[in-house]
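Asks: Here are the chains, one letter per residue:
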Amino acid sequence: MESMQWVPVADRGSLPLREGKRVIYQNYEIALFNLGNEYLAIDNHCPHKQGPLADGIVSGKSVFCPLHNWKIDLKTGCALSGGEGQVKVYPVKVIQEKICVDFKNSKLCTPSTAPSAIPSAKETE
Amino acid sequence: MKPKHLIVVGNGMAGMACVDQILQQKPNFRITVFSEEPYYNYNRILLSSVLAGEKSIEDIYINTEEWYKKNNITVHLGTKIIDIDALNKTVETDKGNAFSYDLLLLATGSNPFIPPIEGVRKKGVYVFRNMADTHGILEHCKSAKKAVVIGGGLLGLEAARGLLNQGQQVTVVHIMDRLMDVQLDTVGGQFLKREIEKLGIEVLLNKNTNRIMGEDSVEGVLFKDGSIVPADIVVIACGIRPNVELAKKADLKINRGIVVNDFLETSDPSIFAIGECVEHREKVYGLVAPLYEQGKVLAATITGNKGSIYEGSTLATKLKVMGIELFSAGDFKDGEPEKEVISYQDHAFGVYKKVVVHQERVIGTILIGDSSDANRFLEMIRKQDRVGDKRHRLLFDVPPAVPGSPTDVMSRPDTDTICGCIGVSKGQIVTAIRENALKTVSEVKACTKASSGCGTCACLVGDILKAVVGAEFQEEKKEVLCACVPFAKTKLRTMIQTQKLKTVQDILDIYGNSTGCSFCKPALSFLVDEVWMGEHKEDRSARYINDRVHANIQKDGTFSVIPRMKGGVTTPNELRKIADAAEKYNVKMVKVTGSQRIDLLGVKKEDLPKMWADLGMNSGHAYAKAVRMVKSCVGTDFCRYGTQNSIETGIKLETLLEGLYTPGKVKMGVVGCPRNCAEATVKDIGLVGIEGGWQVVIGGGAGKIVRAADILITVKTTEEALEAALLFFQYYRENGEYLERTYDFVVRVGLETIRRETVLASDEIKKGLLDRLAKAKSKAVDPWKTESEKNIHPLQFSELVLPKEAEALIGSL
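Sequences listed follow chains E and F, in order. Numbering-wise, the working numbering comes out as the position in the first sequence, counting from 1, plus 927. Numbering-wise, the working numbering comes out as the position in the second sequence, counting from 1, plus 23.
One should not assume that every hint holds.
Stated by the list, open to error - Computed footprint of chain E on chain F, listed as stretches where at least three residues anywhere in the stretch have a Cβ under 8 Å from a Cβ of chain E:
1) 548-556
2) 750-759
To be verified - Calculated Cβ distances over 10 Å to all of chain F for the following chain E residues:
3) GLU946
4) GLY987
5) LYS1034
Unchecked claim - Some chain E residues judged to face chain F by a derived CB distance under 7 Å, without partners named:
6) GLN932
7) VAL934
8) ALA937
9) ARG939
10) ARG945
11) VAL950
12) GLN953
13) PRO979
14) ILE984
15) SER986
16) PRO993
Simulated from the structure, these hints should not be mistaken for laboratory data. A virtual CB, placed ideally from N, CA and C, is assigned to each residue, including glycine.
Next up, chain E with everything else stripped away, as it sits in the complex:
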């Protein structure tokens, strides 16, 4: 595994609660979510029709795509309803009051290993 490369994205507390924000960096376009006690990041494009997941409604630790209501797990990136598919998840960590994302070390989990495949994206603070 490559070493972690934390890129500061936003100030802690600057994101609206239980909402997502689109983050664009180099060739990456991700959706960063503020769940109150943690931040989670996934690819911004829904596996269905590339809908902007950052604009979805958050439900617990998942998000509903605003285009056709697929439900995506923010921890694993797997579709929970709507159809089958998954998006990459990105490690997030708060460092010195900055929300930082490691764009290089994203994971794409297979649905069968979904629940336990992503230990690194869990704790942020």
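Given chain E, put chain F in place with the hints provided.
Replies: Frame of chain E, contents of chain F only:
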């Protein structure tokens, strides 16, 4: 074998409920019923609804002539039994006929108690007990203006409500220091008094009536303290006394009522008694629930299946007076050191909840303003379970189990009562579901009568049904809002109101699964907004993206912008601004919509506020469940066929409703003649101009469903037409299910109901609708104006675009 002859004296609720139970045992009986009143069996409780004008007499019959015929019951209407010869087993009627019996059932009910007041025989003085009294009062109201009700108990307040509805100025006088002193404590009495007074009823306490004044007819009431209240009509409702006259002739044992044992047998082995006329374990009941419980036991006893016993009933009163819910049960008196009182008082909302705990068990309760917990407390009182760790949320409902998870109702014993009104056990419901292959709650209701009383147990019945039939369970139409927050919309609306819930997250945390979903979050946002009309805390995370940024998201993640263009009328200046904005922000397409407006497609989220500012036009709400537009034809201003000014009226209607949110989108149309050029008859609300007036039409649609609108009302003036449209609009706002379009709403609720509750409703109800609409309208702001000036959140319209060379903090920090 010759059938036994059962004579029933009394054709009221108790007697016939028992006969109904007896018939279910299919005994070899010949049944004869004597009714002093010249009517078939009716629901005496609902006489107050007849007095209030809510129900007609036909509505309250329980059993019709056919029922008696079908069951071979001989019934003598208008025939009073005046004597019993218990030795020879015969009864004698007031017409001089004698009938012999093998078994005699006394269901003689009770008589109104008339206190020793001078002048009670005067014209205009009534008791309120039966159909004849109700007729008399209704007739007298036609020439009266000022009514006095003597007695501030259950019946007195019901009478007062009825009289108020009959246009009387009503005063309730009560001898005690609080209303409903049998069912309420001092605090509860004060709450109720305040609520009753809000309705416009005057309440006088500690008033001992001395004399009814007047010559032949009543003119006023004089009290012992010397004060006088003028009156054209007086209704005495000072309680009831068991009717035991006839029982005395049979030498039965009598105290306050006819004494019966646990089998409902009297002191004569051939004579039985039931209902308000009996005294069981030194208690006399004046409520309906015990009648059903007694009826079951007596039916078993009288048909020779003696076994089950009646152990008395927990006294519970549930009352609803013009929206004031009230419930009391058990021993709710405080003041004794070993009793603990847990209570909650909200004066602004008129909510009072009190639970009395004794040795870790709930023994009594009073609920005013919100009786949604009535069944829960009643069950706790009946079962005498320890409160234990439930205590810290005793006063407020624990969220029910989410469908799919194990429900606790199935772990209850089969003998547990589910429906307290009718007395249906869990076991009976399960058996009925299995034997009759029932699949919906209404089928269970039709088959077992469970939840046909007050209806509060419908949720429990649903849980049982789900557990028994599993996947075959069929949802009733929109029983609960969402699995995340499993309450009906109407119930949620009340909870939001009474408990002052002002954020979506609070509702989800307290009553739901705390996460919510893409359906219920926007639905709750709408409800909170509709109830609080701007006094709530807006939580944008619970809104759909369209409502967060006031534009319609497109398939590529860009947005469309449609400015408001009232009535489809615009100006060269507006068109110029639209053209400039379209070029400045590189919109991908400019499109004329089907709603007579202009759509600018392909706008980036971050450009939205700037574009709105440049346009200087109001939001067209084309992205929201809200008032969309009023489409209009050119009308009398230009058209050679026009009969009405459709443009002016359309703009007026759109101005009146602009900025209001609704359960589903509301599209409207106004046309100047029946040629219908702006398609008003396929709109949610339409005004169709006709010669000399307007047709106001509702529930039309030309989307997923094509439906011609129904005519709500035809009126003469534009003002009347607009008012009718507004009444329906607010009615839909308050009663529509979330995402339910008017074409479904009108079908579900029914045109007649909608008419009755809007355009044909009383002035008071109409004013209520219009006032609430006006209040909401006064709080409505144009989101494009307010949020282009000041964002809800600094990042509301932003994306986070990082420089390519953003510094990476390498390594193990």
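Asks: Against each hint, give a clear statement of whether it holds in the structure.
Replies: To see whether the hints hold, each was checked on the structure:
For the region 548-556 of chain F, the stated coverage by chain E is violated: 0 residues have a C-beta nearer than 8 Å to a C-beta of that chain, whereas at least 3 were required. Coverage of the region 750-759 of chain F by chain E is violated. Counting CB-CB distances below 8 Å, 0 residues qualify, and the rule asks for three or more. Its closest Cβ contact with chain F, about 5 Å, brings GLU946(E) to no more than 10 Å, contrary to its assignment away from the interface. At the 10 Å boundary, the C-beta of GLY987(E) falls inside the reach of chain F, the nearest C-beta of that chain being 3 Å off.
Chain F leaves LYS1034(E) outside its interface by the beta-carbon criterion, the shortest separation being 18 Å against a cut-off of 10 Å. The beta carbon of GLN932(E) is positioned within 7 Å of a beta carbon in chain F (closest approach about 4 Å), and the interface hint is therefore held. Satisfaction of the interface hint for VAL934(E) is found here, the shortest Cβ-Cβ separation to chain F being roughly 5 Å, below the 7 Å cut-off. Among the interface hints, the one on ALA937(E) holds; its C-beta lies about 6 Å from the nearest C-beta in chain F, closer than the 7 Å criterion.
Contact between ARG939(E) and chain F, as hinted, is not supported at the beta carbon level, the nearest pair being about 13 Å apart and thus beyond 7 Å. Nearest Cβ of chain F to the Cβ of ARG945(E): about 4 Å, under the 7 Å cut. The hint holds. A hinted interface residue such as VAL950(E) counts as satisfied when its beta carbon comes closer than 7 Å to some beta carbon of chain F; here the least separation is about 4 Å, so the hint holds. The closest approach between the C-beta of GLN953(E) and any C-beta of chain F is roughly 6 Å, which is under the 7 Å cut-off, so the hint is satisfied.
For PRO979(E), the suggested interface contact is upheld, since its CB lies about 4 Å from the closest CB of chain F, less than 7 Å. For ILE984(E), the suggested interface contact is upheld, since its CB lies about 4 Å from the closest CB of chain F, less than 7 Å. Look at SER986(E): its Cβ gets to within about 5 Å of chain F, closer than 7 Å, so that hint holds up. Because the closest C-beta pair between PRO993(E) and chain F is about 5 Å apart, less than 7 Å, the hint holds.
The earlier numbered hints that this structure contradicts are 1, 2, 3, 4, 9.
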